[in-house]
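S.K.: Model the placement of chain Y on the given structure of chain X, informed by the hints.
Here is how the chains run, residue by residue.
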Amino acid sequence: MRDRVRLGMALFLLTDAIFFFFLILAFIYFRDASLHTAALTLDLRVTATWTACLLTSSLSMWRAVASPRRRRLWLGVTITLGVVFFVGQGTEYLRILRDGIATTQGLFSTTFFTLAGVHGLHLLIGIVLLAILLMVGNSAATGVIAMYWYFVGVVWIAIFSVVYLWTFL
Amino acid sequence: MTNLLTTGWDWEPSVVAGCAALAITYLAAMRRQFSRRMLYFFGGVLLLLLDLVSPIDALADGYLFSAHIVQHFLLALVIPPLLLLGLPSLDMRLSAPMPAFVPWTLGVGTMLIWHVPVFFNAALANDALHIFQHLSFLATGVIFWWPVLGPVDSDRLPAVVAVPYLFAACTACSLLGAAITFSSPGLYPAYLHPDDRLGILPLIRDGWGLTARDDQQLGGLLMWVPGCFVYLSAILATASRWYRTAEA
Numbered sequence: 000m001r002d003r004v005r006l007g008m009a010l011f012l013l014t015d016a017i018f019f020f021f022l023i024l025a026f027i028y029f030r031d032a033s034l035h036t037a038a039l040t041l042d043l044r045v046t047a048t049w050t051a052c053l054l055t056s057s058l059s060m061w062r063a064v065a066s067p068r069r070r071r072l073w074l075g076v077t078i079t080l081g082v083v084f085f086v087g088q089g090t091e092y093l094r095i096l097r098d099g100i101a102t103t104q105g106l107f108s109t110t111f112f113t114l115a116g117v118h119g120l121h122l123l124i125g126i127v128l129l130a131i132l133l134m135v136g137n138s139a140a141t142g143v144i145a146m147y148w149y150f151v152g153v154v155w156i157a158i159f160s161v162v163y164l165w166t167f168l
Numbered sequence: 337m338t339n340l341l342t343t344g345w346d347w348e349p350s351v352v353a354g355c356a357a358l359a360i361t362y363l364a365a366m367r368r369q370f371s372r373r374m375l376y377f378f379g380g381v382l383l384l385l386l387d388l389v390s391p392i393d394a395l396a397d398g399y400l401f402s403a404h405i406v407q408h409f410l411l412a413l414v415i416p417p418l419l420l421l422g423l424p425s426l427d428m429r430l431s432a433p434m435p436a437f438v439p440w441t442l443g444v445g446t447m448l449i450w451h452v453p454v455f456f457n458a459a460l461a462n463d464a465l466h467i468f469q470h471l472s473f474l475a476t477g478v479i480f481w482w483p484v485l486g487p488v489d490s491d492r493l494p495a496v497v498a499v500p501y502l503f504a505a506c507t508a509c510s511l512l513g514a515a516i517t518f519s520s521p522g523l524y525p526a527y528l529h530p531d532d533r534l535g536i537l538p539l540i541r542d543g544w545g546l547t548a549r550d551d552q553q554l555g556g557l558l559m560w561v562p563g564c565f566v567y568l569s570a571i572l573a574t575a576s577r578w579y580r581t582a583e584a
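Residue numbers (our numbering), protein chains in the order written: chain X, 0 to 168; chain Y, 337 to 584.
Quick caveat, the hints were computed from the structure, so don't treat them as lab data.
Check the hints yourself; a few may be wrong.
Which residues of chain Y face chain X? A partial, calculated answer using Cβ under 7 Å [what the hints assert, rightly or not]:
#1 Ser490
#2 Val496
#3 Pro500
#4 Thr507
#5 Ala515
#6 Pro521
#7 Tyr524
To be clear about the criterion: a stretch of chain X counts as covered by chain Y if any three or more of its residues have a C-beta under 8 Å from a C-beta of chain Y, and this derived list gives those stretches [to be verified]:
#8 11-22
#9 105-118
Idealized CB from N, CA, C, for every residue including glycine.
Next comes chain X alone, as it looks inside the complex:
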C-alpha cells in the first residue's frame, strides 16, 4: 500500500516537474530581453540567504524521516525553515512590486512572477501538509510528504540557478 502511495506521489511530481520545466523554459526563452531589468531588480544576497534556509529544511525533513523518535522535533524545524523562506522571499517579491515592477509590465516581471508565484504556492501547500502531519502524527505519510518537500527544494535550486545565479555570475 505504501509503495502505491509513493508511486502515486512520484507520478504526480513527474507531471509537476514538466509544468515547472516549461515555466523555466519560458523564462530562459525571454531571458535576453529581460536581463537588464533582472540585474537591476533582483537581490542575489538576500535570496541566497533564504535559499540556504530552504535547502537546510530538506536536511531536517530527511532527519524527520530517518529518526522516528524525534520526528515531531524535525518536522517543527522543517516547518519553521519553510515559513522563514516563504516570508523572506514574499517580502522580497513585495519589495520588487513596490519598486514598480508589476506583473503586467514587460517580459521579466511576467515570467519571473509566474515562476516565483507557482513555486510559492507549492511551498505553501507543503507547509500546510507538514503542519497537518505534525498535528495528526501519521508517521506512514512522512516519507511521501518528504518526497514532495524535496521536490520543492530541487525545483527552487533550478529556479535560483537560472533566475539568480545566471543573471549575476
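M.R.: What follows is chain Y alone, placed relative to chain X:
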C-alpha cells in the same frame, strides 16, 4: 571536406595508450572468454578513441561548438553506458551503495558546471584543463550510470527511484540545452572567429552554412534533444525491466 578527413586526425599518444590499456585490462579480466557483452565494451572503447582522435576533436577544439557538444555527449552519455553494459554481472557487493543523490549530483553537476561559459572557455584555452574536463565527463558519467546499468545487482536502484533519477537528469540537461539554444551568440567566444588552422572555415561557413549563431543553437539542441533521448531510452528500459519483474 577531404582536407578535414585526412588532416583532422590527432593520434594523441595518451588517448591511444589509455584506450589500449582499457581493452587489454578488460581482455585479461574476462580471460579471453568471448561473449556479446564484449561488443558493448569494445564499442565503447572504439567510440572513446574516435571521439578523441577523429576530426570530431579537431572541429570541437577549433571550429564548432556543436562538435564539442557531440564530443561531451558521447563522453558522458553514450560511452559510460556501453562500458558498463560490457561488464559481466557480479553477485558480490563491492561497497555500501551510495545514496542516489551522490552519483546524480556528480554526473549532472559535471555536465552543468563545465558548460558555464567561464569554465568552458578556460578549458578551451588550457590543454591540461581540457584533458581534465574530458576525464571528468567520463569518470562522472560512469558513476552516474553505475546505479542504473552497473554490474552489481545490489547497487542498482529500484525502478521507482531509477525513473525519477533519469528523468531529473533529463530535465536538467534539457534546461542547459535550452539556455544555450536561446542565448545570444558569443557565449563561447572562441567559436565566433575560429583560427582556421586546417583551412576548413569556408567549408563550414559557406559549404555547410553554419554561422556562429547556428552553431551555438545546434549545440544547445544537440544537448537538449539527443541527450534527453538517451535518458528516455534508459527510462523505458528500466520500466520494461520493472514490468517483467512484477509479472514474474
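S.K.: Now, for every hint given, state plainly whether the structure supports it.
M.R.: The hints, checked one at a time:
| no. | hint | verdict |
| --- | --- | --- |
| 1 | Ser490 | violated (19 Å) |
| 2 | Val496 | holds (6 Å) |
| 3 | Pro500 | holds (6 Å) |
| 4 | Thr507 | holds (6 Å) |
| 5 | Ala515 | holds (5 Å) |
| 6 | Pro521 | violated (11 Å) |
| 7 | Tyr524 | violated (15 Å) |
| 8 | 11-22 | holds (count 4) |
| 9 | 105-118 | violated (count 0) |
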